[in-house]
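K.L.:
Per our numbering, residue 1 is the first one in the sequence shown, and the count goes up by one each step.
These are calculated hints, taken from the structure and not from any lab test. Check before you lean on any hint, since a few could be wrong.
Unchecked claim - Straight line, CA to CA, 30 Å or less: simulated DSBU-like cross-link-like pairs of lysine-lysine: (1) Lys241 x Lys161; (2) Lys241 x Lys199; (3) Lys199 x Lys103.
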Amino acid sequence: MIGVVFQQVIGSHIKKKMFCRRLWLKPGTGFWTASQQGAHNLASFHQASLLPQRKLQGLLFPFSELEPHLACSVDRGHFQLFQPSVEDITKAEKLFSPSSSHKIDYHTSAVRMEHAPSQNQPEVCFIGRSNVGKSSLIRALFSLAPDVEIRVSKTPGHTKKMNFFKVGRAFTMVDMPGYGYRAPKDFVEMVEHYLGSRKNLVRTFLLVDGSVGLQEADMIALEMCEEFSRPYVIVVTKIDKCRQGVLLTNLLQLQDAITQTVRCYPQPFLVSSLHFSGIYLLRCFIAHVTGSIQLGDTCRS
Numbered sequence: 001m002i003g004v005v006f007q008q009v010i011g012s013h014i015k016k017k018m019f020c021r022r023l024w025l026k027p028g029t030g031f032w033t034a035s036q037q038g039a040h041n042l043a044s045f046h047q048a049s050l051l052p053q054r055k056l057q058g059l060l061f062p063f064s065e066l067e068p069h070l071a072c073s074v075d076r077g078h079f080q081l082f083q084p085s086v087e088d089i090t091k092a093e094k095l096f097s098p099s100s101s102h103k104i105d106y107h108t109s110a111v112r113m114e115h116a117p118s119q120n121q122p123e124v125c126f127i128g129r130s131n132v133g134k135s136s137l138i139r140a141l142f143s144l145a146p147d148v149e150i151r152v153s154k155t156p157g158h159t160k161k162m163n164f165f166k167v168g169r170a171f172t173m174v175d176m177p178g179y180g181y182r183a184p185k186d187f188v189e190m191v192e193h194y195l196g197s198r199k200n201l202v203r204t205f206l207l208v209d210g211s212v213g214l215q216e217a218d219m220i221a222l223e224m225c226e227e228f229s230r231p232y233v234i235v236v237t238k239i240d241k242c243r244q245g246v247l248l249t250n251l252l253q254l255q256d257a258i259t260q261t262v263r264c265y266p267q268p269f270l271v272s273s274l275h276f277s278g279i280y281l282l283r284c285f286i287a288h289v290t291g292s293i294q295l296g297d298t299c300r301s
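All chains, full assembly: derive it from the sequences and hints.
P.N.:
Right, here's the structure in full:
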């Protein structure tokens, strides 16, 4: 379906290899769970709301800190489509807060679609390159439920299965294996089958490392999402790991790529799992696209 060419950098040498329909992971060992860490001190929007207004604005809408550095000729509208109210963000947060009647927990894992749980509730999935911060992002989203076991590898490549997490009766979140060197040997079959056949999948979140920008493997994943004609969103991770100039350059490159797509949501979501920038906004977007909440006055999705 999609021919894949990857570049592996070993020392100062670049070796090119062709793998038909393959995405690979870097090796990884070791993990720790969210339950071992406890809740983040900014897990709750209420806690964030106690911060100074400028700091709060940066956490809610990370692009607001970059916008002043854009040239006047750059269209800012592409980066400001989803702007829910504080009330909407608060409603969404309740879905990510467990209670006796609203359980949030790891459900099951699967290496093939025939092993995936059969369910009707809406589902969202997260895909991305090895070490893009996928599991860390899911841990941040679930930080109000610190007992949920989410494996976060200290080195790339730990996730080998599709991991399903149920958010009460509202929706399911799926952590997919990363692509890159040493991906599971049936990775492409697993992911393509899932994206092509999962009827209750309402949105795919494609993660891109903001510190390095779009890589060749990301472009292949983007083409794969386009090919299946399912709506997807790009999430820019690790925005705290690079200078603003580098991040802006990578964002503009990413925006150019998005304008060439059909099924990608036109706004990339910027997040930092470490500093919690963009987490509240992404929670709200997930709650919205799964039909879990009705928003007030916001833009299209």
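K.L.:
So, for every hint listed, does it hold in this structure?
P.N.:
Hints and how they fare:
no., hint, in the structure
1, Lys241 x Lys161, "holds (28 Å)"
2, Lys241 x Lys199, "violated (36 Å)"
3, Lys199 x Lys103, "holds (23 Å)"
Checked against the numbered hints listed earlier, the structure breaks hint 2 alone; every other hint is satisfied.
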